[in-house]
Amino acid sequence: GQVWEQVPYNPQLHQADVNDIAEGELVFVRFVGYKNGSRILCPAKVSRTRPFN
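Using the working numbering, the letters of the sequence shown map in sequence onto residues 4 to 56.
Fair warning: there could be bad hints in the mix.
[Unchecked claim] Taking lysine to aspartate or glutamate and the DMTMM-like style, the derived pairs with C-alpha atoms no more than 20 Å apart in a straight line are:
hint, residue 1, residue 2
1, K38, E8
2, K48, E8
3, K38, D23
It should be emphasised that the hints constitute simulated quantities derived from the structure, not laboratory data.
With the hints as extra help, turn the sequences into a complete structure.
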C-alpha cells in the first residue's frame, strides 16, 4: 500500500507498532515495505491510528 493508506493487517507483510493488532484489523501504512518477488525484504510499518488524528 501507499503511506497513510488503510489496509487489513497481515502479519506476513506488516510490522505493527503495538503487539495487540489482530490479523484483518484495519491499519494505516506508516512506512512502505519492500519485497523482491514473493520474498519480503522489509515489512511495511503499520499503525492503528494516524499521528495527526
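(Q) Let me make sure I understand: some of the numbered hints might not hold for this structure. Which ones are they, in numerical order? (A) 3
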